[in-house]
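Undergrad: Please build the complete structure, drawing on both the sequences and the hints.
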Amino acid sequence: MFVVTFLVRRLAQGAVIIFLVSFLIFTLLRVVPGDPVRLMAGGMAPEELIEQIAEDMGLRDPIPVQFARYMGGVIQGDLGQSFLRPASGAAVGGAQFDDATRAERAEVLTLIAETAPMTIQLALLSMVFALLIATPIGIAGGLYPGRWPDRLALYLGSLFVSLPNFWLGIVLVLLLSVKLGWLPAIGYGGFAWTILPALVLAIEIAPFILRTLTVSVAQVMQENYIAAATVRGLGRTRIVFAHALKNASVPLLNLLGVQFSLLLGGVLVIEFIFDYPGLGLLTINAVLQRDFPLIQGIAIVTSAAFVLINIIVDLAATAIDPRLDY
Amino acid sequence: MSVDPLIEVRGLTVAAGDRVILDDISLSLAPRAILGLIGESGSGKTVLAQALVNWLPAGLRITKGEIRYRGRDVLTLPRAEARRLRGREIGYVGANPAGALDPTLSVGSQLVEKLRAVEPGVSKQEARDRAIALLGAVHIPSPEMRFHEYPFQYSGGMMQRAMIVDAMISNPALLVADNITQPLDVTIGAQIIKLMRELTEQFDTAILFVSSSLPTVADLAGDILVLSNGAIVEHQPAPSLVATPRHPYTEKLIAELPTLWTDRGVGTPREHAPDAPAIMSIRQVSKTYEAAGKSPFGAKRRIQAVRNADFDVFEGENFGVVGESGCGKSTLMRLLTGLEPPDSGQVLFEGRDLAVQHGAALRATRQRLQLVLQDPYSSLPPQTSIGDIIAEPLHIHAIGGRRERRRRALDMMGEVGLARALYDELPAGLSAGQRQRVNVARAMILEPRLLIMDETLSALDQTEQAKLLDLFERLQAQHNFTYVFISHDIAMVRRVCGRIAVMYLGEVVELALNQRLFFDPGHPYSKALLSAAPTLEERRYRPEDCLLEGEPPSPIDLPPGCAFASRCPSAFARCRTENPPAFPRGHHDRAECFLLDPAHTSPLQKARPDA
Amino acid sequence: MIDRRRFLGAAGAGLGLTQINPRFFIDSAYAQAGQPIVFLSAENITGNWDPTAHTTLSQKNIEGYVMGFLARAPMRPEDPGEMNYELAESIELLDGSRLQITLKSGITFHDGEPFSARDVKATFEYGAQPDRPAQWYPGPTDSFEVTTPDDLTVIVDTSKGGYSASLFIFLAAYLPMMSAKDIEAGPDGPLSQRLNGTGPFRFVEQRGNDTILEAFPDYFQGAPKVSGVTFSFVGDATTRILSMLNGQASIIERLEPEQLETLEQEPNIKFSKLVSVENKYLWFRCSKPPFDNPLLRKAACHAIDRSIILEILGEAGSPSSNFISPIKFGYIDLENYPEYDPEECQRLLAEAGYPGGEGLPELEYITSVGFYPKTKEYGEIITALLQEQGFPVTLNVMEVAAWNERLYDRPGGGPGHMIDCGWSTGSPEPDLVLRTHFHSSSKRITGIVDEEIDAALDRERSAATLEEREQLIQTDLTPMLADKAPAYSLFTSVMIHAIQSDLDGLFIYPDGSIDASEADFA
Amino acid sequence: MTAEGMTTAAGAAADDDRTRSISRRIAAGAWASVEFKIGFFGFLGILLMALVWPEISALDPTAMNVRARQLPPLFLGEGWTWAHPLGTDQLGRDMLLRSLVGLRYSLLIGISTVLLMLAIGGLVGLFAGYRGGLTDTVLMRITDAQLSIPMIILAIAILGVARPTIPAIILVLGLSGWPVYARVMRSVVMAERKKEYVRGAKVLGASDTRIMFRMLLPLCLTPIAFVAVLDVARMMIFEAVLGFLGLGVQPPTPTFGNIIADGRKYLVNAWWIATMPGVFLFITLASLNLMGAALERSRNRVFGGVG
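Chains as they are written, first to last, in my numbering: chain A, 11 to 336; chain B, 511 to 1121; chain C, 8 to 529; chain D, 4 to 310.
One or more of the hints may lead you astray.
Unchecked claim - Listed next, the stretches of chain D that the computed footprint assigns to chain C, with coverage defined by at least 3 CB atoms under 8 Å from CB atoms of chain C:
(1) 241-253
(2) 260-268
To be verified - Pairwise CB distance ranges, derived in the manner of DEER restraints:
(3) A/Phe29 - D/Lys197: 28 to 34 Å
(4) D/Thr168 - B/Leu849: 45 to 51 Å
(5) B/Thr973 - A/Ile322: 52 to 58 Å
(6) D/Ser26 - B/Thr973: 33 to 39 Å
(7) B/Glu591 - D/Lys197: 40 to 46 Å
(8) B/Arg1084 - A/Ile330: 47 to 53 Å
(9) B/Glu654 - D/Ala35: 56 to 62 Å
(10) A/Ile330 - B/Arg589: 39 to 45 Å
Said to hold, decoys possible - Far from chain D, some chain A residues (derived; all Cβ distances over 10 Å):
(11) Val84
(12) Asp88
(13) Ile205
By construction, these hints were calculated from the structure, which means they are not laboratory data.
C-beta: ideal position from N, C-alpha, C; glycine also.
TA: Written out as structure tokens, the structure reads:
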């Protein structure tokens, strides 16, 4: 019952967030310089034609009017159509003319639905890798503050955070794919294609997990109940694994919720480098092409994902620590 | 004694680096006996308790001596065995039950976990049954349900009982109880003491009862050890120790003990002059908080923190407000200091309503109305130096220049007995007593007229308390302050306050002059409070007669009728349906109890000893 | 016809068998027989499959696989004007204004329709419509007339337009033949939805960034040996190299010299290096100050040391001193082409009224990054060289889309003052560059309006014979352009493709399109 | 922490412990550890090099020498020369010089961005946490909204159209990165707000502004500052990512971002171009972290927290 009311409340708040995001992005895209119509119509198109198209598409209406129209669609599950991508799925670039013969444009929702699962697969795998790398070291660092595991965590974190993801991506491809030939790297042809990009992404996220874990484990180990557990006759292993880690996982969970956008940012670049056909690649292309409906759609979907992930994180945190209530 | 001692300590010395914490301690404890250990804070009593279970904090080392449990040397045991011995044979209950269990697991599961860790053979079901049975044995209501609840859902008293269950669940031969009643309300503390006594009888457990409160120890223990500066200075059976202390330290301890019923001339409670004007008037003040309900659509939960409080504080007097935790004292403090406005009613300071003052006017008023906070630890900003903390009010009110402020802060430090060298130090290094002096200095530097002391002395041991009380008296004589003491400490209030208001669940149930309250309480709750107060004197009221088991109802869903009815031995039908109004008892005194209704003749009144 | 396909004997070819290697993941993914050729393109394609709707090179390359042309121009430097007939049996000038095209018989489109003169007529007329973005020279639809005496004969009459019908010869290699049926279906018809041609590969679908083509078994010159072609857009040059290295790609394009160096160490990769039809230019915005002043434009040209640029480009660039590529009809090394000459530059600056660059406004030089090799690098060099002479230039490096948006002239002049761009057309026809950019009716990027240039362009278009036309281009038009310098051609691109060694039988045209009809994996 | 501040702190180490202010004691405590010294000298060294070397070097970080391009660093490969200790880049520019100048700009971007994020996030968090109620709800929903848009989408959306200059990059990154700080700040403030000394300060007559800015802010900033060090590095990398997308600082100004982004193409032939800035970044960050960790320990010692 509480879960239901909690969900109702959070989803309502989430709707507000998504609305704010939509408005923010919508406004931003319309006040920054750069006319999407010129891109749609192509550089060679005459000015009158550009104005004509803009008028027809309602792009010269006041922003609130445009926004209202757009949100009206969004509520009905219609994120609009891409300015540039045709329904046939072709990517667009270069200077084409928006003549009468242009193909029907693709639905934003379809484009996102096609690519999102790929990105989810990538994100999940990288999360698994990141946890595999960061948890043992982070926990050891937290258990022995000031000693070598703590330092290892610190230096490893510094090292990882200094590695630009696109640099690391290339180095790893050269090593693991080109030199050793262990893994495929570019494009997507099956699950194996996800491993390398996920690894790169994992190394990008790991420092933050490392740091949070080190700090929170160290903090939990200072808690009264950890000290008391010894005198209550519990073994060290049990104390660390059943109590300390459980409590230390709450800040980690929260971090994952908050740093969601970090993950997404990484996904963007990594998908571009690896030519991985996910949401990130779609986003980069959309942004570079000024495909406004697509950018908006992606922003809405990602903020919805953010809201959902944070609800899940909070539910999980509550399950771990009942004090948090709902 | 013919029985072999359960535990025997010989020549135990514990040191932190070069500093000796415990010096050559020897003691022995027979099975089923209760040994009391008394000492003020810093005497090393907690270290001793922890040394007995071979669980010393990092940095402390046993340098000499041995601890034998049933003849085996505890200190040389292998780690795993020591751990099992610790949990199974020797139980330990600490002073702070609040953080002693993992907050993310239910109490029951942790009890089961503990039992199975020290007694691997026990099945889950068996462990569960035992835990529930013991929870019942320590008088936790509906133990089956409570078993599944989380630590944060337990009140302090219940948590302490749960910790006792945790220690007792493996049926240990020895229980080390380290200051377990200290954080509890007196009525709850009294219940715990009663419980300890039952335990020795019921489970044949020997208890080492460590406490800083001599009356509590004397009440419970057979023999008492007195620890001072890491050494045992005296060892006597309880009655003889109280009657004929041999060591000067013990004598001093007994002498400093505030008394309830006998007047030993340690200062007189300060009453106001008959014609003194009211400096602060509380007029029908109520305050209700709303807690977010579990459901977004459901009703908010209303916590009635203060209900219809109405009294005056007269200039020059010491006014006391007593009550147990949750009675609304803290809310009252916030209302009195104008931190929060009341929902209804008025708080008048010097005749002006605090709630309507803002900005500069309010700031000016605040110069004359100051507060000394309760917790010596969280009340000082941790990263500001002591000098700056004390000078802060001058800063805020833009009084004096830099030098002037520094001079005044240093003067004030001198007045409250803080070394000038501490000016640039951080509060971190200070003892609780010193911290409270900083608090007092900070409040007094503005030379206010009314000082509100919110549990200011609660965290201090009696020696420190006595010193600060002397300080307050001296400063009052010098500056002519009016004090409002908000406290749960009956003995302190008895010593200091001229008039006392007793609060229970948000209501001022009784308001009386000092003498009248103690010798002729008008409200059964006042009487229960008095009966529970630890004292070495012969008790005027026996707890058994005055208080029923159980804890105060939650202020969220108050039952109709008198709030105390559920714990009141004298309650009758009317009490459960109707909330008694205040019945005047002469002077400014009054109490809210139907027993005082002229229309009612109660057994209590008949039984009044001095009637 | 016979020699139109040359097997690649280029550098690194035929070096051993594929190395055996524990690529268990890759192998499992690539082991199937009849694998397609995976081509990684540096440039994105448009969403509109109508061949006349774009000038995008990568899409032209896809059309190269799918579409048929009347003739193809291999455009090798030895003989820039060489033409090989494909769909045409012969192309003959009947007289100055009439061209007769005879078609091969028995050719069908991928959709099963037979290819006939009707389709040629429709294609010519549709492709020359003024509203077609790729509208091709020589003139709008109403300036010529196409008649089809029978199913295999087409006659083009240009007497209405007043120019020579010979201009259609080179264009035969430029315009892909579309089906008349598709064209008739109108703007919303299948033309924009898919490609339909007579080429060796059939368009299957667009899957994200991949264009899937499969072998067309009824190709009139015999079914291709490979199962198909996967044409993928991969924006990042490094990513393309990496997929070449790990064997996922069969061909990649637009290699940079360093990448060439990297790949040359690989035994199983061979290369094709071709001087292309593409020149890279520094375009001046001639319709707005200060570059509306030819003196200043020339001064800027003299400030640039093209030898440094070529050094940076290494094998990716070939020197040329004209506005068209050496493999275009009419190329000549111009004698008056501006060379690096600081003194001349200073002199011209002073003459233009900006001695030492004094008084010049802040100048913006826009270049792209990601498509053409080394643009940023030589952009930095050009900026530095111009600054050395006192031009207050700032370089603005943009990703392709942003650059593209700013590329073309607009009323009041295009953005910035100089912009970097190349121009490539799959035909020897020089007017596809010269007329497009420098005639006041087109003035794509520069925005130049100059009557003398217009007149020179018209003169060479109206020349009676090819010889006369060549003469006019070499002695009249291009020297005039070198003098007025509406743009500065920096060099001619060398197209470098890397190809897996086991892939044989490709023929690569200088515009980058590839004939893979006889390609096969060894 | 500026180099200057550190030297005075170090100088003060000899003074009498008692009369020294708290901050000096923390600095002195940190100074006593070897780690701090290593970090300090590492950072100081690199900072001095970045500030001084480009000024005194005869070379120009933007001067190209195409004939001497892609020379390897000392003792590595063929053709190295003492004139270019870290080799040259794809246009024959000195890598040492470019890395150092790049470090300047990257630090400028990293630090200003983090300061901006701290300022916005700190203020939002402070107000939300201290005021609570409606202020809190509104501010936190805005924060959540901002947080839910990946920074990079926002950055490329804005920078893709408004051309990237250093101030624009700082502004965009700063404006999109603050929510995390706002959330952290809010939770710390909410915890502190309930403490008694805040109540005490109110009774003393302190205004809300005073409590927020004089009492809570300094207290809550310190723990956040240590997170911020990690973020400085992250922002420097982020600038590199923007450079990689062609939205970074424009040439010829070298930043770590555009050096790495441009050098990436040559990773196989001339690995040092893209790698050197990374090495500098690591040294800078490791030094900062070493100092930070030592300061944190010292601070905990002085404030009586856990060591």
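Undergrad: All the hints need checking, so say for each whether the structure fits it.
TA: Hint check:
1. 241-253: With 4 residues in contact (Cβ-Cβ under 8 Å with chain C), the coverage given for the region 241-253 of chain D holds.
2. 260-268: Three-residue rule met by the region 260-268 of chain D, so holds; n is 3.
3. A/Phe29 - D/Lys197: 28 to 34 Å: holds, 32 Å
4. D/Thr168 - B/Leu849: 45 to 51 Å: holds, 50 Å
5. B/Thr973 - A/Ile322: 52 to 58 Å: Given about 55 Å between the Cβ atoms, the range holds.
6. D/Ser26 - B/Thr973: 33 to 39 Å: holds, 36 Å
7. B/Glu591 - D/Lys197: 40 to 46 Å: holds, 44 Å
8. B/Arg1084 - A/Ile330: 47 to 53 Å: holds, 49 Å
9. B/Glu654 - D/Ala35: 56 to 62 Å: Since B/Glu654 and D/Ala35 have Cβ atoms about 58 Å apart, the given range 56 to 62 Å holds.
10. A/Ile330 - B/Arg589: 39 to 45 Å: violated, 30 Å
11. Val84: Given a closest Cβ separation of 15 Å, the condition holds.
12. Asp88: holds, 21 Å
13. Ile205: holds, 21 Å
In the structure shown, a violation is registered for the earlier hint numbered 10 alone.
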